[in-house]
Amino acid sequence: MCQIYSGTNPELYQSISRSIRINGVVTSVRLEQRFWQILDEIAAGEGFSTPQFLGKLHDEVVSQRGDIPNFASLLRVVCTVYLENQATNTLAAQTTKPANRLAG
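Residues in the sequence shown are numbered consecutively from 220, following the working numbering.
None of these hints come from the bench; they were simulated from the model. Glycine included, every Cβ here is placed at the ideal spot set by N, Cα and C. Hints may be right or wrong, so weigh each one.
DEER-style ranges, computed between Cβ atoms [said to hold, decoys possible]:
| # | residue 1 | residue 2 | range |
| --- | --- | --- | --- |
| 1 | Thr299 | Cys221 | 25 to 35 Å |
| 2 | Lys275 | Ser225 | 30 to 40 Å |
| 3 | Ile235 | Lys275 | 29 to 39 Å |
| 4 | Glu265 | Ile235 | 35 to 45 Å |
| 5 | Ala311 | Ser247 | 15 to 25 Å |
| 6 | Tyr301 | Gly226 | 21 to 31 Å |
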């Protein structure tokens, strides 16, 4: 079982920094490549570029909760929530499909 995880492609956990603009200020966010891939997918699905999506997400969280002590951690959790929702939606779609039955 560990081979499933220990065999992970090292490129996926390579840290990558990207510059983004939040509230008019350019900042850098450092995440593993796999998280950037997921964020790119989420952003595209929402109709935004990744920097636009991150800026909007930041603004919404600050509006709801105030300061964000660790934005990179928030982004990692957002990715896991996205993947959980995808898995739940896939499972729900599979369980609502009508069963194919052969006429006898």
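How the hints compare with the structure:
{"no.": "1", "hint": "Thr299 - Cys221: 25 to 35 Å", "in the structure": "violated, 21 Å"}
{"no.": "2", "hint": "Lys275 - Ser225: 30 to 40 Å", "in the structure": "holds, 36 Å"}
{"no.": "3", "hint": "Ile235 - Lys275: 29 to 39 Å", "in the structure": "violated, 21 Å"}
{"no.": "4", "hint": "Glu265 - Ile235: 35 to 45 Å", "in the structure": "violated, 21 Å"}
{"no.": "5", "hint": "Ala311 - Ser247: 15 to 25 Å", "in the structure": "violated, 38 Å"}
{"no.": "6", "hint": "Tyr301 - Gly226: 21 to 31 Å", "in the structure": "holds, 24 Å"}
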